[in-house]
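Protein chains: 2
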Amino acid sequence: MPNAVPALRSVAALPQPYLLFLGDTTEAGYAKTAFGLRDWAGGRCVGEYACADATVTTGLPFLSPAQARLAGARAMVIGVANPGGRIPAAWLPLLVEALQAGLDLIGGMHARLSAIESLRNVALAHGRRLIDVREPPADLPVASGRKRSGRRLLTVGTDCALGKKYTALALAREFRARGIDADFRASGQTGILIAGQGIPMDAVVADFAAGAAETLSPDADPAHWDLIEGQGSLSHPAYAGVSLALLHGSQPDVVVVCHEYGRERVLGHPDYLLPSLEETIDLVLRLGARTNPAIRCAGISLNTGKLEEAEALRAMGEIAARLGLPAADPIRGGDAFARLVDSCLA
Amino acid sequence: MPNAVPALRSVAALPQPYLLFLGDTTEAGYAKTAFGLRDWAGGRCVGEYACADATVTTGLPFLSPAQARLAGARAMVIGVANPGGRIPAAWLPLLVEALQAGLDLIGGMHARLSAIESLRNVALAHGRRLIDVREPPADLPVASGRKRSGRRLLTVGTDCALGKKYTALALAREFRARGIDADFRASGQTGILIAGQGIPMDAVVADFAAGAAETLSPDADPAHWDLIEGQGSLSHPAYAGVSLALLHGSQPDVVVVCHEYGRERVLGHPDYLLPSLEETIDLVLRLGARTNPAIRCAGISLNTGKLEEAEALRAMGEIAARLGLPAADPIRGGDAFARLVDSCLA
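Going line by line, the protein sequences match chains V and B. Just so we're aligned, residue 119 is where the first sequence starts under the numbering used here, counting upward by one. Just so we're aligned, residue 119 is where the second sequence starts under the numbering used here, counting upward by one.
What the hints contain is simulated information worked out from the structure, not anything from laboratory work. One or more of the hints may lead you astray.
Since the list gives no way to pick out one identical chain from another, each pair is judged satisfied if it fits inside one copy or across any two copies.
Unchecked claim - Dumping the calculated SDA-like pairs for lysine to any residue here, alpha-carbon to alpha-carbon at most 25 Å: (1) Lys265 to Asp299; (2) Lys150 to Glu396; (3) Lys265 to Leu391; (4) Lys265 to Asp320; (5) Lys150 to His228; (6) Lys150 to Thr173; (7) Lys265 to Asp453; (8) Lys265 to Glu382; (9) Lys150 to Asp400; (10) Lys265 to Asp389; (11) Lys265 to Trp209; (12) Lys150 to Gly386; (13) Lys150 to Ala172.
All values derive from a computational prediction rather than experimental measurement.
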């Protein structure tokens, strides 16, 4: 996705293109960030780099930091997350090499690059930056509630980790394919690395969370669309506050409700049943109307990753018929997804 | 109110009794914190201290820090907030004097005591603490959603700044007067100074806000009541996320809806009409049922401070009749307040 994002107040753009760093990773599951960047920001990734014992690859060319710099790279991104979110000592010489080659370092892990003294010293000596995307901007305002110009879509969900980021990215790509001026607005660390900018909503102080959402999708041309990555769920026992602040601050004209077919309980909170799609739509529209009375639900983004094609089509058809709204899996695309996009733009 | 609060996980108790510091204040309106402490924690305030040119007084004995220390004081509290929340240079010699006399310093202003180098040095030299109550605990968990033992009441509101803290304090006092084991749980800086402990919800990182609320009212004896100070409003364009996190994490059995009679628009957001009491009750019960399906509304706490007594009684009667719930002004007390407390305990 080409990056044609206007400058955001308080939201610095990340240095790009990227060199993707895979560490010493041998488990593909730990390299989701690198794969996400390859899939959604491939045009802004010049290659990959890794320790000698890494076995995971994105399929991009293997380049040393110096080669990557010559190919135009401006930063090396830590594209893997090992359990615990720590930065192993074995990575440090390669991180130092990148700084010495003229690349900034970007991390999205819990452990902050800027907390490692040796990296700080090398970065200082070479005039390079250590950028932790989980660090929110320092000057976020309290939300004003003022209506902004331009159009906005927010992906919301019945739970965490079921496709809100992917849906917003897929919708942004399809909007642009139809010639519409549209930007993906990232609210979590992987999304921020893909978009090159954004605000990590989960790290913002609670009083400024709705203000952060306002900052994330500023005034725009009346025909412009922001496709905003949702977080959590209004029914989540831990994260509903973040979801509500994001909903109020985003002032969406349109929401798309994301759900994983067959998921019945909140991830990590098995005592909590997932709300129904009907209940989720009703709650989102009721609460969202507070800052945008014209809010509407355009349809359902259904994660059917665990189903066969025929089952997936049947599931989408059944939900679409029940709700009277389009239901599509953005990964499968097809006519159903086209109808969902039509409904967003209606 | 005597402090019989059991130790809270992660929530340190403040050193008490207090000496109240009034700075160089000549406007009573700036000394709300000192007056609140006198009114609600008078038994834990040994006296007041101020610059020579201050004219505001709480009526408590004027004591030097050394005299206060002899009278049992363990900390001097900054009881005034001047516009901008700064600490003027004229206060510094008196703050230093308190540290030298063996008192800790406690502040609730935006400006942090610990950011002032001269105070840090004196505190270090004398083994004293600089305590900023707007600093949340460092080890707050993500909310679990697990049902906790004991009973809980949360004050909620149609807006900010209309009596949620005062209502929770008045209910805690009345519960105790009736022989019920009850604690006020503070979620804002003035409440924290009054209770001697608590968590400043407005300063917690969004992902941990519901977890902070769970920490604030831990498991307790089945007959014990926590009376939890509410924040913001579920309909507030900037703070609804904080309110929802506090509602979900508090898991209240009972809510009391606080409203200022005659207020029609959100404070500081004049484009936003206040929600009706009916709408507020409906929304609170619907959202609160997610973590406590047995939640109920016991009645309305009506701030009638701008009305004459006869008007106030008529307003309370009218609202009580309309909603079929008790409506009372805790400041006026009387039969109406007794009925509200009866309803909370029903």
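Each hint tested on the structure:
Proximity of lysine 265 to aspartate 299 under the C-alpha cut-off of 25 Å is restricted to the intra-copy arrangement: shortest distance 20 Å within a copy versus 47 Å between copies. In this assembly of identical chains, lysine 150 and glutamate 396 lie within 25 Å of each other by CA distance neither inside one copy nor across copies; the values are 32 Å within and 47 Å between. For the homomeric pair lysine 265 and leucine 391, the shortest alpha-carbon distance between copies (15 Å) is at most 25 Å, but the shortest distance inside one copy (35 Å) is not. In this homomeric assembly, lysine 265 and aspartate 320 come within 25 Å of each other (Cα to Cα) both inside a single copy, at 24 Å, and across copies, at 24 Å.
In the homo-oligomer, the alpha carbons of lysine 150 and histidine 228 lie at most 25 Å apart inside one protomer (15 Å), although the nearest pairing across protomers, at 40 Å, exceeds that limit. In the homo-oligomer, the alpha carbons of lysine 150 and threonine 173 lie at most 25 Å apart inside one protomer (14 Å), although the nearest pairing across protomers, at 64 Å, exceeds that limit. In this assembly of identical chains, the alpha carbons of lysine 265 and aspartate 453 never lie at most 25 Å apart, being 34 Å within a copy and 45 Å across copies at closest. Within a single copy, lysine 265 and glutamate 382 get their C-alpha atoms only as close as 36 Å, which misses the 25 Å cut-off; across copies the closest is 20 Å, which meets it.
In this assembly of identical chains, the alpha carbons of lysine 150 and aspartate 400 never lie at most 25 Å apart, being 33 Å within a copy and 42 Å across copies at closest. Taking the closest pair of Cα atoms, lysine 265 and aspartate 389 come within 25 Å of each other only across two copies (10 Å); inside a single copy the shortest separation is 38 Å, beyond that limit. Taking the shortest alpha-carbon separations for lysine 265 and tryptophan 209, neither the intra-copy value of 47 Å nor the inter-copy value of 43 Å comes in at or below 25 Å. For the identical chains of this complex, lysine 150 and glycine 386 are intra-copy neighbours only, at 20 Å inside a copy versus 44 Å across copies, given an alpha-carbon limit of 25 Å.
Within a single copy, lysine 150 and alanine 172 get their C-alpha atoms as close as 15 Å, which meets the 25 Å cut-off; across copies the closest is 62 Å, which misses it.
The structure does not agree with the numbered hints 2, 7, 9, 11 stated previously, though it agrees with the rest.
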